[in-house]
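J.: These protein sequences, in sequence, are chains A and B. For the first sequence, the residue numbers in my numbering are 1 to 346. For the second sequence, the residue numbers in my numbering are 1 to 346.
Incorrect hints may appear among the rest.
Same chains, same label: a pair holds when it works inside one copy or across any pair of copies.
Within a straight-line C-alpha distance of at most 25 angstroms, the following computed BS3-like cross-link-like pairs (lysine-lysine) qualify [to be verified]:
hint, residue 1, residue 2
1, Lys326, Lys216
2, Lys89, Lys32
3, Lys238, Lys216
4, Lys32, Lys87
5, Lys156, Lys299
6, Lys32, Lys259
7, Lys238, Lys52
8, Lys174, Lys280
Just so you know, these hints were derived from the structure itself, not from any lab. Please read these numbers as outputs of a predicted model, since none were measured by experiment.
2 protein chains.
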Amino acid sequence: MHNLYQTLAPVLAGALALALTGCASTPGLQIKEVGSFHLGGKQVTLSGLPEKELRFTPSSPPIKVNPNGEFEAEQMYVQYVLQSAPKAKHPLLLWHGGGLAGVTFETKPDGGAGWQMDFLNAGHDVYVSDAVERGRASWARYPEIFSSEPFFRTKKEGWELFRIGPTWDTEPAKRVAYPGAQFPTAAYDQFAKQFVPRWATNNAPTQAAYDALVQKVCPCVIVVHSQGSTFAFEAARKAPQLVKAVVAVEPSGALDATKVDITGLKAVPHLFVWGDNLDKNATWQSILPPLRRFADALKSQGGLVDTIDLPAQGIQGNSHMLMMDKNSSQVAALIQAWLARQGLMR
Amino acid sequence: MHNLYQTLAPVLAGALALALTGCASTPGLQIKEVGSFHLGGKQVTLSGLPEKELRFTPSSPPIKVNPNGEFEAEQMYVQYVLQSAPKAKHPLLLWHGGGLAGVTFETKPDGGAGWQMDFLNAGHDVYVSDAVERGRASWARYPEIFSSEPFFRTKKEGWELFRIGPTWDTEPAKRVAYPGAQFPTAAYDQFAKQFVPRWATNNAPTQAAYDALVQKVCPCVIVVHSQGSTFAFEAARKAPQLVKAVVAVEPSGALDATKVDITGLKAVPHLFVWGDNLDKNATWQSILPPLRRFADALKSQGGLVDTIDLPAQGIQGNSHMLMMDKNSSQVAALIQAWLARQGLMR
Numbered sequence: 001m002h003n004l005y006q007t008l009a010p011v012l013a014g015a016l017a018l019a020l021t022g023c024a025s026t027p028g029l030q031i032k033e034v035g036s037f038h039l040g041g042k043q044v045t046l047s048g049l050p051e052k053e054l055r056f057t058p059s060s061p062p063i064k065v066n067p068n069g070e071f072e073a074e075q076m077y078v079q080y081v082l083q084s085a086p087k088a089k090h091p092l093l094l095w096h097g098g099g100l101a102g103v104t105f106e107t108k109p110d111g112g113a114g115w116q117m118d119f120l121n122a123g124h125d126v127y128v129s130d131a132v133e134r135g136r137a138s139w140a141r142y143p144e145i146f147s148s149e150p151f152f153r154t155k156k157e158g159w160e161l162f163r164i165g166p167t168w169d170t171e172p173a174k175r176v177a178y179p180g181a182q183f184p185t186a187a188y189d190q191f192a193k194q195f196v197p198r199w200a201t202n203n204a205p206t207q208a209a210y211d212a213l214v215q216k217v218c219p220c221v222i223v224v225h226s227q228g229s230t231f232a233f234e235a236a237r238k239a240p241q242l243v244k245a246v247v248a249v250e251p252s253g254a255l256d257a258t259k260v261d262i263t264g265l266k267a268v269p270h271l272f273v274w275g276d277n278l279d280k281n282a283t284w285q286s287i288l289p290p291l292r293r294f295a296d297a298l299k300s301q302g303g304l305v306d307t308i309d310l311p312a313q314g315i316q317g318n319s320h321m322l323m324m325d326k327n328s329s330q331v332a333a334l335i336q337a338w339l340a341r342q343g344l345m346r
Numbered sequence: 001m002h003n004l005y006q007t008l009a010p011v012l013a014g015a016l017a018l019a020l021t022g023c024a025s026t027p028g029l030q031i032k033e034v035g036s037f038h039l040g041g042k043q044v045t046l047s048g049l050p051e052k053e054l055r056f057t058p059s060s061p062p063i064k065v066n067p068n069g070e071f072e073a074e075q076m077y078v079q080y081v082l083q084s085a086p087k088a089k090h091p092l093l094l095w096h097g098g099g100l101a102g103v104t105f106e107t108k109p110d111g112g113a114g115w116q117m118d119f120l121n122a123g124h125d126v127y128v129s130d131a132v133e134r135g136r137a138s139w140a141r142y143p144e145i146f147s148s149e150p151f152f153r154t155k156k157e158g159w160e161l162f163r164i165g166p167t168w169d170t171e172p173a174k175r176v177a178y179p180g181a182q183f184p185t186a187a188y189d190q191f192a193k194q195f196v197p198r199w200a201t202n203n204a205p206t207q208a209a210y211d212a213l214v215q216k217v218c219p220c221v222i223v224v225h226s227q228g229s230t231f232a233f234e235a236a237r238k239a240p241q242l243v244k245a246v247v248a249v250e251p252s253g254a255l256d257a258t259k260v261d262i263t264g265l266k267a268v269p270h271l272f273v274w275g276d277n278l279d280k281n282a283t284w285q286s287i288l289p290p291l292r293r294f295a296d297a298l299k300s301q302g303g304l305v306d307t308i309d310l311p312a313q314g315i316q317g318n319s320h321m322l323m324m325d326k327n328s329s330q331v332a333a334l335i336q337a338w339l340a341r342q343g344l345m346r
């Protein structure tokens with residue numbers, strides 16, 4: 001009996017090893033589905049515009065096109081990656097900032113993995129969206145449908161407003177970054193390929209589409225960047241039972257508690273995340289006071305407002321584009337730890 | 001000894017069962033990475049345009065913006081889903097058609113999973129792209145950078161040109177679809193939310209970006225739809241050693257073998273996939289002859305050109321948007337079987 005046990009024991013051990021390595025040999029995320037959808041928007045009809053003749057493929061004859069007719073406009077676009085066994089209680093929604101699209105969270109301009117991967121690895125189902133007018137959400141003819149003309153951000157404005165450095169120059173070698181800049185400055189031109197035009201007149205349909213997204217996929221957690229912040233705060237105000245937390249990453253717009261009722265937001269924990277060199281940029285100095293007032297109003301009504309002030313924690317050099325900075329995964333981990341402390345993981 | 005064997009055998013069997021169910025209990029795709037990148041394009045400088053003052057977030061003061069400066073233009077966008085253990089020898093590139101973006105392959109307007117999921121499930125690494133000017137590739141100011149103005153496809157044109165049905169009407173109930181239409185006609189307005197504007201003057205930078213994509217991620221297989229076909233045929237012609245097959249799904253443009261040397265393409269197997277009702281649409285009747293001439297030229301030079309003519313195989317009612325039709329997975333499976341027959345799976 002002892003001999004047979006000695007004979008079978010290694011076989012049993014081998015089977016158990018197979019059980020472990022058989023699974024371990026296929027590392028990576030267990031993904032249930034990747035996909036996307038559009039939502040929001042409406043049908044718009046144009047009439048009275050002149051016909052045109054266009055040749056769309058060189059080998060084909062020209063096609064006479066009539067620009068009049070029905071179109072969909074003001075929809076938004078949402079892509080998702082759903083895990084087989086998410087560790088988070090709710091999906092994570094990643095909302096981009098101004099002049100940008102969901103690509104903000106998908107990749108880093110230096111080729112590194114974006115926050116989408118960081119938060120997938122942390123166990124979240126992730127929804128990355130393009131707001132109305134941006135990227136795959138598409139845009140509509142102006143001034144017939146969108147009432148104003150679009151604005152295209154220059155590389156100079158991005159360099160300065162995103163606090164990559166104080167001095168722009170056409171020549172990469174002459175651009176001045178802040179000391180110890182975390183942004184991968186050599187990849188700045190690559191980052192500029194992500195820029196998309198924006199309108200200043202689409203706030204209402206943008207909010208409506210975000211509100212529809214919350215109704216469709218929440219309860220959820222919203223991580224929002226920059227100009228997206230006002231939409232996220234307002235979406236949470238309208239549906240505080242559906243938004244389990246708002247992480248405002250370098251937010252640029254706030255709600256005015258003297259004009260709207262924010263009492264419902266006390267049920268929604270808020271985290272503000274700030275990079276470095278805010279004091280060195282006049283535009284940012286003008287952006288901050290309404291955000292401070294909003295945070296104070298939230299707190300005075302019993303809400304939870306936490307702040308990760310990276311330089312105050314000894315983490316220097318972060319730009320406005322925290323999710324693209326060299327230490328982006330470190331910043332994501334700080335956010336993830338906060339989410340865990342809010343009891344949002346299983 | 002017999003007794004101990006009887007004792008240990010179930011343990012051993014249990015360990016082996018654990019080996020199997022331990023893996024089987026986490027169903028879904030094993031994904032290594034999801035991400036994206038932009039490539040192609042160049043820096044463009046604008047000057048002499050007047051300044052504007054814009055308020056981008058309601059709670060923030062207006063910002064004076066100078067539209068002059070440097071921009072990136074003519075880049076394309078590519079997202080990818082990479083598997084831990086792909087079963088295909090090469091990644092699959094999904095290139096969209098005219099007036100559309102990569103969303104074509106990501107989802108179906110009725111909410112079903114898109115071909116991206118079908119081909120992921122079949123074992124491919126998948127790259128879904130937005131060509132220059134479309135979706136997340138972004139677009140550039142015109143006429144200063146893009147030389148012409150964009151064209152927005154009407155819902156009527158889509159209904160007719162995509163051969164969903166012969167008769168369009170603003171009222172969904174009055175629209176006439178072809179008998180036995182496979183397109184989910186109730187979701188047509190949802191499909192129209194995917195439409196993006198297009199230019200007729202960006203063929204050169206679009207081709208350049210696609211060529212750069214082939215250099216970056218191939219060897220590969222290209223599955224291309226509609227207006228994308230010319231770019232795919234030309235990309236394969238320029239790099240026949242890198243493009244292991246071209247699947248042209250309802251292609252709308254061909255190479256002219258009397259004008260360009262296509263001898264290199266004999267190394268690249270081609271598959272043409274056709275839906276139904278081509279004979280009922282005058283535009284499609286004008287599109288087909290150059291494609292037939294191209295296929296004949298390829299064959300006459302020793303190339304492999306196969307065709308899946310769905311109605312000839314008894315599969316009726318497919319539209320131009322095969323990947324969104326109700327039987328989209330059936331069509332994907334036919335393509336997958338052809339890819340396997342070409343020896344492109346491991």
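J.: Please work out whether the CA atoms of lysine 32 and lysine 87 approach to 25 angstroms or closer within one copy, between two copies, in both situations, or in neither?
T.: both (14 angstroms within a copy, 18 angstroms between copies)
J.: One pair to classify: lysine 238 and lysine 216, alpha carbons no more than 25 angstroms apart. Within, between, both, or neither?
T.: Close inside one copy (14 angstroms), not across copies (46 angstroms); limit 25 angstroms.
J.: Under a CA distance limit of 25 angstroms, which applies to lysine 326 and lysine 216: within one copy, between copies, both, or neither?
T.: This pair counts as between: shortest inter-copy Cα distance 24 angstroms, intra-copy 34 angstroms.
J.: Using 25 angstroms as the alpha-carbon threshold, which applies to lysine 89 and lysine 32: within, between, both, or neither?
T.: both (16 angstroms within a copy, 23 angstroms between copies)
J.: Which holds for lysine 156 with lysine 299 at a C-alpha limit of 25 angstroms: within a copy, between copies, both or neither?
T.: neither (37 angstroms within a copy, 53 angstroms between copies)
J.: Have a look at lysine 174 and lysine 280 and pick one of within, between, both or neither, based on CA distance no larger than 25 angstroms.
T.: Answer is within; shortest intra-copy Cα gap is 20 angstroms, inter-copy 61 angstroms.
J.: What label fits lysine 32 with lysine 259 when the C-alpha limit is 25 angstroms: within, between, both, or neither?
T.: So lysine 32 and lysine 259 fail the 25 angstroms test inside a copy (43 angstroms) and across (47 angstroms) alike.
J.: Using 25 angstroms as the alpha-carbon threshold, which applies to lysine 238 and lysine 52: within, between, both, or neither?
T.: neither (45 angstroms within a copy, 33 angstroms between copies)
In this structure, the earlier hints numbered 5, 6 and 7 are contradicted, and the remaining ones agree with it.
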